[in-house]
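Participant: Here's the letter readout for the chains.
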Amino acid sequence: MRPFDYQRAEDTAAARTASRAGATILAGGTNLLDLMKLEVMAPERVVDISRLGLNRITEKDGGLHIGATVTNSDLAADMRIRRDYPVLSRALLAGASGQLRNKATTGGNLLQRTRCPYFYDTGTACNKRTPGEGCAAIGGELRNHAILGTSEHCVALHPSDMAVAMRALDAMVEVEGEDGTRREVALDDFYRLPGDRPDIETTLAPGDLITGVTLPAPLEGRQQYRKVRDRASYAFALVSIAAIVRMEDGRIADATLAFGGIGTRPWRDPEMETLLKGERPSAALFAKAADVLMRHAAVHPGLEFKLTLVTRLLSATLEEMTE
Amino acid sequence: MKTTLTVNGRPHTLDLDPRVTLLDALRDHLHLTGSKKGCDHGQCGACTVLVDGRRINACLSLAVAHDGDDITTVEGLSEDGKSPLQTAFVRNDGMQCGYCTPGQLCSATAVLREVEAGWPSHVSETLEGPATLTRDELAERMSGNICRCSCYPGINAAILEIAEESTDYAEAAE
Ligand SMILES: Cc1cc2nc3c(=O)[nH]c(=O)nc-3n(C[C@H](O)[C@H](O)[C@H](O)COP(=O)(O)OP(=O)(O)OC[C@H]3O[C@@H](n4cnc5c(N)ncnc54)[C@H](O)[C@@H]3O)c2cc1C
Ligand code: FES
Ligand code: FES
Numbered sequence: 001m002r003p004f005d006y007q008r009a010e011d012t013a014a015a016r017t018a019s020r021a022g023a024t025i026l027a028g029g030t031n032l033l034d035l036m037k038l039e040v041m042a043p044e045r046v047v048d049i050s051r052l053g054l055n056r057i058t059e060k061d062g063g064l065h066i067g068a069t070v071t072n073s074d075l076a077a078d079m080r081i082r083r084d085y086p087v088l089s090r091a092l093l094a095g096a097s098g099q100l101r102n103k104a105t106t107g108g109n110l111l112q113r114t115r116c117p118y119f120y121d122t123g124t125a126c127n128k129r130t131p132g133e134g135c136a137a138i139g140g141e142l143r144n145h146a147i148l149g150t151s152e153h154c155v156a157l158h159p160s161d162m163a164v165a166m167r168a169l170d171a172m173v174e175v176e177g178e179d180g181t182r183r184e185v186a187l188d189d190f191y192r193l194p195g196d197r198p199d200i201e202t203t204l205a206p207g208d209l210i211t212g213v214t215l216p217a218p219l220e221g222r223q224q225y226r227k228v229r230d231r232a233s234y235a236f237a238l239v240s241i242a243a244i245v246r247m248e249d250g251r252i253a254d255a256t257l258a259f260g261g262i263g264t265r266p267w268r269d270p271e272m273e274t275l276l277k278g279e280r281p282s283a284a285l286f287a288k289a290a291d292v293l294m295r296h297a298a299v300h301p302g303l304e305f306k307l308t309l310v311t312r313l314l315s316a317t318l319e320e321m322t323e
Numbered sequence: 001m002k003t004t005l006t007v008n009g010r011p012h013t014l015d016l017d018p019r020v021t022l023l024d025a026l027r028d029h030l031h032l033t034g035s036k037k038g039c040d041h042g043q044c045g046a047c048t049v050l051v052d053g054r055r056i057n058a059c060l061s062l063a064v065a066h067d068g069d070d071i072t073t074v075e076g077l078s079e080d081g082k083s084p085l086q087t088a089f090v091r092n093d094g095m096q097c098g099y100c101t102p103g104q105l106c107s108a109t110a111v112l113r114e115v116e117a118g119w120p121s122h123v124s125e126t127l128e129g130p131a132t133l134t135r136d137e138l139a140e141r142m143s144g145n146i147c148r149c150s151c152y153p154g155i156n157a158a159i160l161e162i163a164e165e166s167t168d169y170a171e172a173a174e
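Quick mapping for you: the protein sequence lines, in order, are chains A and B. Here the first sequence is numbered in UniProt numbering, starting from 1 and rising by one per residue. Here the second sequence is numbered in UniProt numbering, starting from 1 and rising by one per residue.
Bound-form chain B, shown alone (with noise of 0.2 Å):
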């Protein structure tokens, strides 16, 4: 089937057989190997992909049924590597082997923008908002995003470090 996927700004015609999910899609049809294959049935967030901005699971998604979409993948969210996130990431130890990183960045990108969005989480005390990213707010948003070798600490405090900045641009913009 022909399918135009959009990704990271560059649009793509493939002919796929309806079985290819859109991680296969991405790294076996687009050479784009950073999203990575942990578990293949949505458990772990290593094929953590943004489509039209949102956080989803590549390896539960048919890559037809996102035709006309747009994609970001990990190597979509700078032109470098060197995002402030990224940076962040390195500069904490937010990894040891490095397998879960892509779907990290890509599901903290999101959660970073779903806070700004006011978008309440399950330990929040109310609904009404607003959203503030504490350590418990973080662990409880990036829940989706297993990191076998448990870089947690380093994980939570380069996001942290992130939404911090962003605070404070937006407090000294007001």
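Just chain A, with the same shape it has in the complex (with noise of 0.2 Å):
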């Protein structure tokens, strides 16, 4: 590991401030320390948010407001999450391990890194690691990659299970912007695509700080998530998925639909949530979804396994939801 300042920030301004003057923000840790020690990342200044007091969850507008370090843990135990979305606990505990779990943070989940083997190797080009160097992934051995919002300078997924379930639910990011006001950002314009700059992940500028999460009133509905990997528990998700449904007489009310393992973020897609509403359920429905879902996938040699493995598992989990 590159030797690097410590600090341990008092208050947000002071991490602010840090953040600003080229800081990188350490939460859990369980993401940037392990880059740290491959030198994927090497910042020179590392500001420790972790004893801010943003590890509560209140409520706030019929929904809830997370903090950005309540843990994993805390989150999927909380009993207002089991009750009213189950689909976030479901989630998180789908994700790593409960020693992890007790560490990663809610801030630090969104914007933990990929896990492309390529951009965890410094001996292989990685456009993401470094800006320009090209993509050994595309044209190398891929099984933990997208297939939808690629680009021809990265593939790289977007990993965590909790986002998923927060872009389902219609989660907002709370940011507190350099000069300490703060707003709330869609998920939707908090990550980036790619593009031809794989390495901007995301729509925060320098100084920006996560300090929590809104969750909105709870949807009616049954919610579920479904992941599938490659061994039964800790391990990242192939294809996962975060569903809620509404019925009503018979029919599809409501159906709100969010991807991980297929996109370069938490993928959502409206026409084919629009394409369900108001329909009979069917399997020849679930396959149109399905369709809809993979009309502009971008299947690199490897990856045509998760064309297949994701009609399945939405085919599985719509059929069940339904009944």
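Since the hints were derived computationally from the structure, they do not count as laboratory data. Just so you know, nobody snuck in bad clues.
Computed cross-link-like contacts, DSS-like style, restricted to lysine-lysine with a CA-CA straight-line distance of at most 27 Å:
hint, chain 1, residue 1, chain 2, residue 2
1, A, K37, B, K2
2, B, K82, B, K37
3, B, K37, A, K37
Being a predicted model, the structure only gives us computed values, none of them experimental.
Reconstruct the complex from the two isolated chains, following the hints.
Facilitator: This is the structure we're talking about:
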């Protein structure tokens, strides 16, 4: 690991000032330290925000406000989340391990970097690590890579489970800007598509600090998170789905579906959701929905299995939830 | 950087480079070599310790970030290495080479508390609780601890034995 200065922030203003001056924010450290050990990230200054008191979950406008340093364990175990936002509890519990969830925070989870092996291997080319260097993944071994939202410069996935559930729940990221004003950003405006600058992953500016995430009032309907992976536990998703479905008189009144494991950011497709709305559930309908979802897929060799997997997962989930 | 860690009940003040992980502070600075370094990247659980009663991977944590925290390592689980959980591991052949054992013991200690607190897991049928420690539940909750010798049958038997004993006590007390 390269040497760095460590500072513990006493308040959010100190964290913002340090971040504006180039310091990298340290929350749980489970992603940042991993990458610093490999020198994929090599900050000269680190500012620790773990003791800023951003670790509370409070009620807000009929929904909930989750502080940025609430741990993944505490969030998953919170009674309000378990009762009103079960898809979020389920997504968190499907991620990482008990040990990691005790350290991993809400803000850190949103900003965790990709698990593309070429991003991790400083001996290979990666536009996300070193802009303009090229991408060894394209034409290389592909498995945990994206088929939606990719560009000719990058096929890296966003690996988070939590963010997929939050995307389905229309969560808003609360950001404290350089001057101390707070703003709320929807997840689709928060995550950038890679384009020709895969190294710039979000619309955050230097000095911005995530202070929390807001969940709107709970939605009616059933909620589910399903995750397919290479082993039964302690592995990232090959494909995952966060689904909220409300039925009315045997028809799908609303289907909100977000996907992990296929997109360069947590994926949602309004066109597919519209297609399902008002329809009677059937195998043909679900197959059509999968076709719509995959209409812009860019499937590099090695990732063909994801088309089948996502189609089957979508059908199985909808079948079960529309019974 | 001056950092005070209370380890197994005893405070220690160390002068540390910010790069030192909690794991290296414990092993190299305090010579508590029970906690093991398997992968150094959060992928194996050999370094599991308890911080303020919760299990974490000491390898993915900076020691300076734990200034003032209360840390329990395998050395602190009992005075003589013969806590009920430790003896259950021995009785059930819960180890072969023993490298993963300190992490397994710390993790299992926390799992029993998490179940008691009603925390659900990925395999729980309902999120409403209460949590019960079936074999599937245990496998899921302990999945952050890899055993390269694959002693899972023994490890699981040992933990289930202790879980059942404590439920028996709880029922007897009611
Ligand atoms: C072995 C292993 C398996 C895993 N499996 C899964 C899995 O199955 N599913 C899954 O979803 N995740 C998984 N993870 C990833 C884990 O969820 C993340 O590492 C964790 O959520 C990151 O949170 P943190 O608080 O530790 O972040 P940190 O490492 O502290 O920070 C991550 C990034 O976010 C930035 N940051 C943090 N907080 C803020 C803030 N408030 N404002 C601005 N910037 C901030 C940091 O600067 C850094 O760049 C796994 C990790 C490991 C090591
Ligand atoms: S050494 Fe920490 S998880 Fe492997
Ligand atoms: S006993 Fe050898 S690794 Fe577990």
